[in-house]
Every structure is written in structure tokens, then in C-alpha cells.
Amino acid sequence: MSEFVQLHVLVSYPPSNLNRDDLGRPKTAVMGGAQRLRVSSQSLKRAWRTSDIFASTLAGHLGVRTKEMGTLVYRSLTSGVSLAEILRGANDAPATFQPVTEEKGRKWASEIAGIFGKLKSGENALEIEQLAHFSPEEIAAIDALILKLAASGKDPDEDDRKLLMKRHTAADIAMFGRMLAASPIYNTEAAVQVSHAVTVHPVAVEDDYFTAVDDLNRGDEGMGAGHLGETEFASGLFYLYVCVNRDLLRENLGGDEALTGAALRALVEAAAKVAPTGKQNSFASRAYASYLLAEKGCQQPRSLSVAYLKPLQDADLLGSAINALKDTRNKMDAVYGNCSDSWCDMNAHAGEGALQEVLDFVAGHHA
Amino acid sequence: MFLSRMRLRPGAAGNREFWQMVGSEYQAHHMVWDLFTDGPDRERDFLYRVEENEGMPTIYSVCEREPVNRGGMWTIETKLYDPALRTGQQLAFVLRANPVRTKCDEKGKHHRHDVVMEAKTRLKQQGRPREEWPPEPEIVQQAGFAWLAMKGEANGFSVAEGDVRADGYIQRRFRKRKGRHEISISTLDYTGILTVADPERFKAALYNGIGPAKGFGCGMMMVRPAVR
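Sequences listed follow chains W and C, in order.
For the first sequence, my numbering assigns the number 556 to the initial residue and increments by one for each residue that follows.
For the second sequence, my numbering assigns the number 371 to the initial residue and increments by one for each residue that follows.
Each hint should be verified, as a subset may be incorrect.
What the hints assert, rightly or not - Just some of the chain C residues that point at chain W, by a computed CB distance under 7 Å:
no., residue
1, GLY381
2, GLY478
3, MET520
4, MET592
Claimed, not checked - Straight-line distance between alpha carbons at most 25 Å, and here's what the computed SDA-like set of lysine to any residue pairs gives:
no., chain 1, residue 1, chain 2, residue 2
5, C, LYS490, C, ALA454
6, C, LYS449, C, ARG471
7, W, LYS675, C, ARG543
8, W, LYS582, C, LYS573
9, W, LYS582, C, GLU506
10, W, LYS582, C, MET520
11, W, LYS675, C, GLU552
12, W, LYS828, C, PRO505
13, W, LYS600, C, PRO507
14, W, LYS582, C, TYR430
15, W, LYS600, C, PRO505
16, C, LYS494, W, GLU744
17, C, LYS494, W, ASP647
Calculated from the structure, these hints are not laboratory results.
Predicted, not measured: the structure shown is a model, and the values here were computed from it.
Idealized CB from N, CA, C, for every residue including glycine.
Kindly produce the complete structure, drawing on both the sequences and the hints.
What follows is the structure, encoded as C-alpha cells:
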């Protein structure tokens, strides 16, 4: 049985619109018969993966996610600057090898990128159809191949094409997985599952404009639209659940125990501190988690979202949300037996516990 | 005036005719026009706004005539729309707009630039390296807010920067059904709270729309009473 690390996070975002749908409205979900605001897991994962926390804690162990690898390889081949430098964005890096002709560069770049994903149609197309995730090891291998091709001037052979690697140390790929449609054998199964964050209280987002016409016609103000301010500009208190299969994470990281610990720390810290970026700059809706509960154990994981099935509407929203979470956890334990072996929490509402303790707990001794 | 809400009938999405209608942006515009026009010579006398609800389009419209449900694919609700407004009243609003400024070049030719592109061009002209530019959402918010504040003056309302969100900047490009002419429209989505400054003018803006591209679903402002 695998060991799981489960996180339950309560985070309140100030006026913001963190995650919008195609038409620019905040994403919503219906839960317990009431409409809630929602932040998709994709948006959360992206925010975490690109956070400073990930960058500093997991330096050297982060993959690159791009459609444009072919273009980047082409630039490397034809400029003599290594791929690593180009990825770093060093525009004025010196050439380290003899550049190849544009024609050869285009041909080889298209061959190399094609290994990682189906290329867009067109002769010598360079862009991959889907976002592909490259591990640091694979980028190093591409770099080595670029050097070799430039030196020999010969087309890549069968051996040269073996650029995909099952074993890698890209913590973000190990956590969130990758799908290579062209070579599924090199897929990585995600070790981290992230729920959509959903508000613990009801939020009306639409339709009211149509309904409110009656009020406007009568000249009524404040009738039946009392929630208005809350809808668009007040904060939402979100519940977020993250489940990590620790064993799978370690396996994805080639059994590297230290790196697994670092990855877990980065993940928990990011989940506690990093908000999605939507409208961040005009609303500065940056928020730290107000409550964080971490659990460890080999039991089958479960979310505690049922705590909010009945939407909360108290004045002390945060206080009652924390209580509801603890309460639900205890009751589940009472009915099912302990759902985890150990747990650790921090409560910024009451000023109890510390993030550092939670991080040590999560990364520390395990079954 | 009337305010209508038109929602697609549940079965209609299985209708091939429907998907042919919404196949492109330009066709979607036709789809809405079909609900209103009674002949090829009819001039536009309505505003509309398309929203998507769980993958299905919902159209809101301010119109002088009630829409006609040709083909019966829609559930149409219509209400009389004659808001009683007063100076100083606070209203929450949503607006999708095509925020452009028109400039005359030396030859007297008019050019339309959307305000976000314009802000970026200005940054470029200032010679600031791209890495030092403010993040895109900030550019959008600032340029977008400035445009709306300016429009407010002419249309009888005022807005405060902290009360308005401008985002969802999209450049839309599409072709007319016939011909190679490409239409390009940038849209911005506004949400926020405004204060009515001149009820008469503001009402006219609610009826006639704000900014260009009204035929393509821009400029219809929806309001409701705000309580703070």
C-alpha cells in the first residue's frame, strides 16, 4: 500500500477574479445545490509550478514546458549558442560551437522536436502540436546531440534519436505528470492530485442582471441584490484538497529520497503561499492559506469537501470553516476508524502552529 | 425598450443547423441578427451580449422590438426595460467593449487602435526593454480603465479605479461569409461598480451602447443595483 500525504487548505482571496472561463467570467461550480466560485486545478498547478518557491527550492530539477522546442533547437543550431543558454533567455551568450546552415538547422530541429510530440503540419515545421514537458536530463541530451550534429555535420542516426528518458529528476513532471501522445511509454503518471478549489460559501455570478431589471424599473435599490458587492468584489474563502502518492513521487524521481522531500516541501509551501495569477497585478489578490491540515498514512485518501456541502453563511466565515473541517475529519475517523496515521496543522486564524512544522512533518519521517 | 434573455433549448445543441450557425464568430453574429432582423434592409436597433453557460450560449439583448424566435431553437424571455435612474446611484455593471481610439495620420486617414495595443506601442517607443514592461494584466487594466473613465464622461457615469476590473483582453479575427476581408476586433471585459452622474445620458448609453463594434456583441452594458 502506498503512503499518501493529504493536504486540506483554506485560503481566502481578496477581491479578485482568479480564474476565468473562455468568456472572461469567474469559473463556478455547483455544490450542495449552491453556486460557488471555483479555481481550476490546472490554474493552481501552473501557479505553483512557475512560482519562485519552486524555482528556488527545486533549482536544477524543473522541467521546461513548451511547444516551441523545435524553434529553440533551431536557434541553438544556427547560432552556436547552447540550448541551455537559450532556455535561460541569455540573449547575448557567446557561441560555443560552429553554427550549422539554416537548412540543416531546420531539418535537424524538426527531427529532434518530432521525437517529443507530433509537429504541426507543414514542411520542416518546428512547433509541436501540444505542450511538451522536457526534463533537465532530456534538455542536456538534446544539447549534447546538438554539439555532435554540429561537429559531424551528419544527420542524427537511430541512437541519436533516443532522447526521451524514463528516468529523470524533474520534480514538476514527477508531481504533475506528463503525457507524450507520440511516445506514451515515456509518460509519467502524476503523483500529485489537486482538486479544484471551491468556495465554502455560495456566490452568485450571473443572471442577477436580468432579474435585477425589475428592481431598476421600479427604482428600487438594494432589493434582492444585497449579495452584489460580495459577488464581484468581496473575497471568496476556498477549500482546496491535494493528495500526494508519496511512493509514486519517489519512484518518479528515481528513488531519490532527498529530492522527494524537497519536492514535498516546495509543494506544501506553494500551496500555502502562492495564489493563481489572474488579475494579480491590478488586485494584488495575493493570499496565504489561513488554515492548513496535513495528513500522512497508508489509508485510502479522502477529501473533506463534504464539510462544505451545506454552504456556510456565518459572519465568522473562516472560523466556522475551520471548525467544519476539523469536525468532519473527527466524525469520519469515528465512523471509519482513523483515516490517517498522523497529522499536523497550522491555523493562521487563531495564530497556532507554524508552516515550518507542517513542512517538517510532510517531508520528515514516513512509513 | 426591452431586455431579453435568450437561451438555447436543451435539444438544440444536437441540431446540426445550430452548429453551422455558430461555426465562426461571424456566423454567431448572424445568429443573433437572425433573431431581430425582419428584412435585409433592417438597420441594427439592438445591442447584444453573448455569454456562455456550461458550454451553451446565452444571449442578452437590449432591443426596441421583441426578438423573433425563428426556428424555435431558443427560450426567449423578455422584460420591459425602463430603468428609473438618479444621480449618485451606484450600479454594478458588466460590459464587453471594443476599446479603441481613432487617430488621424498626416494624410487625414483614420486609424483605429485598441488601447492595449496603443499602450504597448507607447512602451516600445519609449525604448523600454520588454523584460521591464509591466505585466500584461497591468497594462490591460490601466489602459482599459482609462478608456472606460473617458467614455463615462460622455455617457453620464463615473468610475473609480479600485472599483473596476478590466481584463479578458482578446483579439478576435474572423472573415465574413463571403470575401477575403478580415475583420479584427479586440475586446475587453469590464466588471465593477459605477456611479450615475447624468441619468438621461446614462440611460441613452444603456439603450444605444458604448464604444464601437456593437454589431459584434460589444458595448451593451448590463447594470443592477449595488449595495455596499
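Tell me if the straight-line CA distance from LYS494 of chain C to ASP647 of chain W falls inside 25 Å.
At roughly 20 Å apart (the allowed maximum being 25 Å), ASP647 of chain W and LYS494 of chain C satisfy the hint.
**Asked** Hey, LYS675 of chain W versus ARG543 of chain C, does the alpha-carbon distance stay inside 25 Å?
**Response** Holds, because 21 Å separates the two Cα atoms, which is no more than 25 Å.
* Asked: Are the Cα positions of LYS675 of chain W and GLU552 of chain C separated by 25 Å at most?
  -> Within the cut-off at roughly 24 Å; holds.
**Prompt:** Is the hint on MET520 of chain C kept, meaning its closest Cβ partner in chain W is under 7 Å away?
**Reply:** Since the shortest Cβ distance to chain W is 18 Å, the answer is violated.
- Query: When the nearest CB of chain W is found for GLY478 of chain C, is that gap smaller than 7 Å?
  - Reply: 36 Å, violated
Take the C-alpha atoms of LYS490 of chain C and ALA454 of chain C, compute the straight-line distance between them, and say whether it is at most 25 Å. Distance of about 40 Å is beyond 25 Å: violated.
Q | Closest C-beta approach of MET592 of chain C to chain W relative to 7 Å, hint status | A | Cβ of MET592 of chain C sits 4 Å from chain W, so the hint holds.
Item to check | Given hint TYR430 of chain C paired with LYS582 of chain W - CA-CA distance at most 25 Å | outcome: Given that 25 Å is the threshold and the Cα spacing comes to 19 Å, the pair holds.
With the threshold set at 25 Å, check whether the alpha-carbon distance from LYS828 of chain W to PRO505 of chain C stays at or below it.
At roughly 20 Å apart (the allowed maximum being 25 Å), PRO505 of chain C and LYS828 of chain W satisfy the hint.
(request) With a cut-off of 25 Å on the C-alpha distance, tell me whether LYS600 of chain W and PRO507 of chain C pass. (result) Holds. LYS600 of chain W to PRO507 of chain C sits at ~20 Å (cutoff 25 Å).
Given the hint that LYS582 of chain W pairs with LYS573 of chain C, test it: the Cα-Cα distance must not exceed 25 Å. Violated - the C-alpha atoms of LYS573 of chain C and LYS582 of chain W are around 31 Å apart, more than 25 Å.
Review point. Between LYS449 of chain C and ARG471 of chain C, is the straight-line Cα distance small enough, at 25 Å or below?
Key: Violated, because 34 Å separates the two Cα atoms, which is more than 25 Å.
When each numbered hint is compared with the structure, violations occur for hints 1, 2, 3, 5, 6, 8, 10, 16.
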